[in-house]
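Enquirer: Sequence:
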Amino acid sequence: MKQILSIVVLAMIFAGFSHTPAHSWIFVDTTNAPAIPIDGYLQTVSDIDDIITKNFRNYPAAFAIANVGGYPIGDAHIGNFPHMFFGVSFTVGCANMKYFDEDIAREENVYPAYAPNPTLYFGFGLAGGFDILFKVIFFSDTMYRPSLHQKSVRLSKANIYSVGGKLRKNLVSRIAILPDIFDFGGVTVSAGADCMEGIIGIDGNYKYKLNNITVNPPGGVYTVDFDAYYNFNIKWTMLSANAQALVYFHFLWVFDFYTGVGMATTWGYNRLKGSGIGTVSNAIIGPIGTISAMAEYKRSPRFFMGLYIAGLEVNIWVLKLTMETMVNISNGKDINLQLGTRLQF
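If you read the sequence shown in numbering that gives the first Met the number 0, its first letter stands for residue 0, the second for the next number, and so on.
Since the hints were made in silico from the structure, they are not lab data. Honestly, I wouldn't trust all of these hints.
Claimed, not checked - Derived SDA-like pairs: lysine to any residue, alpha-carbon spacing no greater than 20 Å straight-line:
id: 1; residue 1: Lys208; residue 2: Ala34
id: 2; residue 1: Lys272; residue 2: Lys97
id: 3; residue 1: Lys53; residue 2: Glu107
id: 4; residue 1: Lys332; residue 2: Phe55
id: 5; residue 1: Lys97; residue 2: Thr324
id: 6; residue 1: Lys272; residue 2: Asp202
Full structure from sequences and hints, please.
Expert: Spelled out as structure tokens, the structure:
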């Protein structure tokens, strides 16, 4: 019981901590387009930078809460060895979910952020009420490259790695309350560590118009065509340690429900780097010059997360289907959604 109270207290204390180191910069070189004064680009560059900055700040939170998922299980204890299970799970971290709350004013051009974390997961029963769970995935575009090959956008790289482990201890065993109808499933505490890393790159060719641009010579305001070639890489690294305390309930022989609290500490970052070069022209004037640009945005998640956890499992003999969610009680707007299926023996 002291272990459970410790996790609850720490989760509430750290829920208020926020430390999100960040840096960003954007550079535009117009020396090869001298006919266009630099102030002709400033508003466009400022608008783009503002949209990227406001949206990118949500992604570290999405990746951080996705990283601690991947072990949906509705049993307080697997059982002693050789009891085991293996299966697949899919976790998606979701940040800025208050976007969908109609009672809260939305910030213009700021949207929810999502982070996927698919894994294989498996576990083994140990002695003395202990069991151990693992998750793992290693995906490289050399194994398979998703189909995304258009002129405006092409997938240039996609590498995703996710590993983790969790040791659980069943403190209170199953207690029958209404035999064959309702059982108290037990109380289990756990501690574990997770690592998630990846990089996704895209490049392509994009054409659009810049309105009200001053061109001198010949002098005057024009609409110019911008034909740009670009590349972007988004990279992430998340390292987490977490602890949880969960209470389990069994309804009939089909449904298992569990709920509890936890906490996680996360070190990591998301980095977005991009560059591009484009030609500027006008149908009347002709070629005007070239513009090149580079940018980098980097942001880290909050170091501590307090978590509320709830899950539902459906039992079909040895086949288990589990749905779980974690809510970041630090801010109430970040969650993860987990779906897992496994064979347990």
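Enquirer: Each hint needs a verdict: does it hold in this structure or not?
Expert: Hint check:
no.	hint	verdict
1	Lys208 x Ala34	holds (17 Å)
2	Lys272 x Lys97	violated (28 Å)
3	Lys53 x Glu107	holds (10 Å)
4	Lys332 x Phe55	holds (16 Å)
5	Lys97 x Thr324	holds (16 Å)
6	Lys272 x Asp202	holds (12 Å)
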